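Peer 1: For the record, the sequence lines run as chains A and B. Quick note on numbering: this note's numbering labels position 49 of the first sequence as 1013, and the sequence is numbered without any gaps. Quick note on numbering: this note's numbering labels position 82 of the second sequence as 90, and the sequence is numbered without any gaps.
Hints should not be assumed to be uniformly reliable.
A few chain A residues that face chain B, going by a derived Cβ cut-off under 8 Å, partial list only [claimed, not checked]:
(1) Thr-995
(2) Gly-1006
(3) Leu-1007
(4) Leu-1009
(5) Tyr-1012
(6) Ala-1017
(7) Asp-1020
(8) Ser-1051
(9) Phe-1055
(10) Ser-1061
(11) Glu-1066
(12) Gln-1067
(13) Phe-1069
(14) Gly-1070
(15) Pro-1071
By construction, these hints were calculated from the structure, which means they are not laboratory data. All of these numbers come straight from a predicted model, not from anything done at the bench. Even for Gly, the Cβ is constructed at its ideal location relative to N, Cα and C.
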Amino acid sequence: DARVTQTPRDKVTEMGQEVTMRCQPILGHNTVFWYRQTMMQGLELLAYFRNRAPLDDSGMPKDRFSAEMPDATLATLKIQPSEPRDSAVYFCASGASGSKNEQFFGPGTRLTVL
Amino acid sequence: GESVGLHLPTLSVQEGDNSIINCAYSNSASDYFIWYKQESGKGPQFIIDIRSNMDKRQGQRVTVLLNKTVKHLSLQIAATQPGDSAVYFCAEKGAGGTSYGKLTFGQGTILTVHP
Chain A
965 DARVTQTPRD
975 KVTEMGQEVT
985 MRCQPILGHN
995 TVFWYRQTMM
1005 QGLELLAYFR
1015 NRAPLDDSGM
1025 PKDRFSAEMP
1035 DATLATLKIQ
1045 PSEPRDSAVY
1055 FCASGASGSK
1065 NEQFFGPGTR
1075 LTVL
Chain B
9 GESVGLHLPT
19 LSVQEGDNSI
29 INCAYSNSAS
39 DYFIWYKQES
49 GKGPQFIIDI
59 RSNMDKRQGQ
69 RVTVLLNKTV
79 KHLSLQIAAT
89 QPGDSAVYFC
99 AEKGAGGTSY
109 GKLTFGQGTI
119 LTVHP
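Throw the hints in and build the complete structure from the sequences for me.
Peer 2: Here you go:
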């Protein structure tokens, strides 16, 4: 049963600390998405990769957020320094480009910045 | 202090009734429209999609209707079950270029099914 995995599932940290969230997309999927979900803003797209290349990161605060795909099996989202307003659930999703529209979401990382 | 958040539309139905969840979209250039279901503590899960050149598509117990004239999308769930209780999101898929494959999500509707 292929699934997107995310680590950690929960992260509590203090303001100013670096946070790294990791995602393993489903094997064979060539598109990877990072989303942030909050009560205030709902589900927002932060960054989007196709074949490991960043296609769109316009939704991401550039000064503190960075997203990378070191290889096809790992996507990372880093926040440095973290701030309380970054508290949210961060989802990674993967999909196969082409005619299929289904994005498979991971379970999310719940981030709390104190 | 008081927290302020999105006030999501809510729909409460009895088990066995049919449910209709509505969504208004903004981008007439989107080539696909998609419905996702999100259960508490989980990531969104794909339900069904519809291409922009179609008006209706049926799946198992679900039907999606697209009205491009008024930019309106609906999800109909037949014989709603308690397991259908979740937040339902509509999403538009970008048509091309760097927008290809990019989803823009609506704010969601909370569906509660009472036994």
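Peer 1: Next, verify each hint and record whether it holds.
Peer 2: Each hint tested on the structure:
1. Thr-995: holds, 6 Å
2. Gly-1006: holds, 5 Å
3. Leu-1007: The hint holds - Leu-1007 of chain A has a Cβ within 8 Å of chain B, the shortest such distance being about 4 Å.
4. Leu-1009: holds, 6 Å
5. Tyr-1012: holds, 6 Å
6. Ala-1017: violated, 11 Å
7. Asp-1020: Holds. Min distance 5 Å.
8. Ser-1051: The hint is violated - Ser-1051 of chain A has no Cβ within 8 Å of chain B, the shortest such distance being about 12 Å.
9. Phe-1055: Holds, about 5 Å.
10. Ser-1061: holds, 6 Å
11. Glu-1066: This hint holds: Glu-1066 of chain A lies near chain B, its Cβ roughly 4 Å from the closest one there, short of 8 Å.
12. Gln-1067: The hint holds - Gln-1067 of chain A has a Cβ within 8 Å of chain B, the shortest such distance being about 7 Å.
13. Phe-1069: At about 3 Å, which falls below the 8 Å cut-off, the nearest Cβ of chain B leaves the hint on Phe-1069 of chain A intact, so it holds.
14. Gly-1070: At 6 Å from the nearest chain B Cβ, Gly-1070 of chain A passes the 8 Å test, so the hint holds.
15. Pro-1071: holds, 6 Å
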